[in-house]
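Here's the letter readout for the chains.
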Amino acid sequence: GAVVSQHPSRVICKSGTSVKIECRSLDFQATTMFWYRQFPKQSLMLMATSNEGSKATYEQGVEKDKFLINHASLTLSTLTVTSAHPEDSSFYICSASGTGLGTDTQYFGPGTRLTVL
Amino acid sequence: DAKTTQPTSMDCAEGRAANLPCNHSTISGNEYVYWYRQIHSQGPQYIIHGLKNNETNEMASLIITEDRKSSTLILPHATLRDTAVYYCIVTTFGNEKLTFGTGTRLTIIP
Numbered sequence: 001g002a003v004v005s006q007h008p009s010r011v012i013c014k015s016g017t018s019v020k021i022e023c024r025s026l027d028f029q030a031t032t033m034f035w036y037r038q039f040p041k042q043s044l045m046l047m048a049t050s051n052e053g054s055k056a057t058y059e060q061g062v063e064k065d066k067f068l069i070n071h072a073s074l075t076l077s078t079l080t081v082t083s084a085h086p087e088d089s090s091f092y093i094c095s096a097s098g099t100g101l102g103t104d105t106q107y108f109g110p111g112t113r114l115t116v117l
Numbered sequence: 001d002a003k004t005t006q007p008t009s010m011d012c013a014e015g016r017a018a019n020l021p022c023n024h025s026t027i028s029g030n031e032y033v034y035w036y037r038q039i040h041s042q043g044p045q046y047i048i049h050g051l052k053n054n055e056t057n058e059m060a061s062l063i064i065t066e067d068r069k070s071s072t073l074i075l076p077h078a079t080l081r082d083t084a085v086y087y088c089i090v091t092t093f094g095n096e097k098l099t100f101g102t103g104t105r106l107t108i109i110p
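Residue numbers (the numbering used here), protein chains in the order written: chain B, 1 to 117; chain D, 1 to 110.
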């Protein structure tokens with residue numbers, strides 16, 4: 001099956017610093033990657049959609065200058081949380097879809113838990 | 001995308017079949033029904049999807065009513081590892097952005 005990995009799985013940082021989260025498709029080419037955020041006891045909320053080689057499309061209310069997304073290759077997308085604050089503490093999950101899967105399905109990474117002190 | 005309605009929670013005895021319902025009465029003709037589940041503190045896991053025919057894979061079966069206004073996900077022999085939140089999502093393409101509702105919290109009881 002299609003495998004998506006994320007790194008790191010957990011990160012703790014100080015307020016005001018930046019954190020980069022990587023999302024990789026291990027066995028397929030991800031033409032589209034999605035970034036979701038999930039607060040405790042809530043459902044997943046889409047933050048942005050990125051296509052390889054293009055600028056990301058952000059959902060309403062998501063600050064593009066704060067959450068920088070780069071999808072420079074067909075197997076890697078990164079999310080950088082800039083000038084992190086405690087309210088950015090959340091579970092960040094990426095998903096990917098693309099060629100070679102044989103079906104139009106999104107596959108999700110295991111998630112990254114960010115804690116901002 | 002069409003909205004879906006799922007029960008908030010369900011219990012099922014270990015070894016029995018777990019039947020999770022989903023209503024999607026406003027589904028359009030070109031929309032698929034996708035099921036994902038999320039085990040605590042993990043990313044969602046794809047289970048199965050269908051358009052109008054019933055589908056079965058190694059994880060589950062998906063039964064879609066003839067009018068397509070509702071569906072049921074069936075886990076044939078539930079185990080403790082099936083305890084999770086199950087999301088029913090209706091979308092035109094599975095590779096487009098997905099809108100997650102609150103899902104059904106399924107608890108498998110020993």
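For the record, the hints were derived by calculation from the structure and aren't laboratory data. Hints are supplied without guarantee of correctness; some may be wrong.
Claimed, not checked - Below, a list of computed lysine-lysine pairs in the BS3-like style, where the Cα atoms sit at most 25 Å apart:
| no. | chain 1 | residue 1 | chain 2 | residue 2 |
| --- | --- | --- | --- | --- |
| 1 | D | Lys-97 | B | Lys-41 |
| 2 | D | Lys-3 | B | Lys-55 |
| 3 | B | Lys-55 | B | Lys-66 |
| 4 | D | Lys-3 | B | Lys-41 |
| 5 | D | Lys-97 | B | Lys-20 |
Hints versus structure:
1. Among the hinted pairs, Lys-97/D with Lys-41/B is consistent with the structure: their alpha-carbon atoms are about 21 Å apart, no more than 25 Å.
2. This hinted pair does not check out: Lys-3/D and Lys-55/B have alpha carbons roughly 29 Å apart, beyond 25 Å.
3. A C-alpha spacing of about 15 Å is found between Lys-55/B and Lys-66/B, which places the hinted pair at or below 25 Å, so the restraint holds.
4. Distance hint between Lys-3/D and Lys-41/B is fulfilled; the C-alpha atoms sit about 20 Å from each other, no more than 25 Å.
5. Between Lys-97/D and Lys-20/B, the direct Cα distance comes to roughly 22 Å. Compliance with the 25 Å bound is thereby established for this hinted pair.
Checked against the numbered hints listed earlier, the structure breaks hint 2 alone; every other hint is satisfied.
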